[in-house]
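Take the sequences, apply the hints, and build the full model.
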Amino acid sequence: MESHSVLVVDDEPNIVLSLRFLMQAEGYPVHVACDGCQALELARVHRPRVILLDLMLPGEDGYEVCQRLREVPGGRDAGIIMLTARGRQTEREKGLALGADDYVTKPFSTRDLLRRVAHYMQAGRDTPLASAPTPIAGSM
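For the sequence shown, counting from 1, position 124 maps to 124 in the working numbering; every step adds exactly one.
What the hints contain is simulated information worked out from the structure, not anything from laboratory work.
Quick caveat, the model's predicted, so the values are computed rather than measured.
Please note that the accuracy of each hint is not assured.
Ranges between beta-carbon positions, derived for each pair [as the list claims (entries may be wrong)]:
no., residue 1, residue 2, range
1, Glu64, Glu12, 17 to 27 Å
2, Arg44, Gln89, 30 to 40 Å
3, Glu60, Gly87, 14 to 24 Å
4, Arg86, Asn14, 26 to 36 Å
Every residue gets a Cβ at the ideal spot worked out from N, C-alpha and C, and that includes glycine.
Quick look at the structure:
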């Protein structure tokens, strides 16, 4: 059964701490994975509604993890938002082509990120987000 939780996949402790705090402050249960293997296992077990996926991970990169998440129950139907410092258009297009629903570059607006998470929590991944530009200076 799908839960209205968030899976944060990032190996940077400060980013994890900030994202966990931000999501929990909005009332979302949060699970944390620091690499692709943990992300796949936690997605299978918890079936999160939203996955915040860093692109630069140890071992498999976020692109590979995203593709693998789309193949497992718990990842298949989740809204996947790639969160990364890589902001080139080709990288964004690659992430979206490999299964991400959204691509947000760091630094980002926490308000914008929360809006995106709320969208996927409520509408699911089948309803496109009326997108705003993502590279917005913010607090993260």
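Cross-check of the supplied hints:
The hinted window of 17 to 27 Å between Glu64 and Glu12 holds, with their beta carbons roughly 18 Å apart. A C-beta distance of roughly 33 Å is found between Arg44 and Gln89, which places it inside the suggested range of 30 to 40 Å. At about 21 Å, the beta-carbon gap between Glu60 and Gly87 stays in the expected band of 14 to 24 Å. Hint check: Arg86 to Asn14, Cβ distance near 18 Å, so the stated range 26 to 36 Å is violated.
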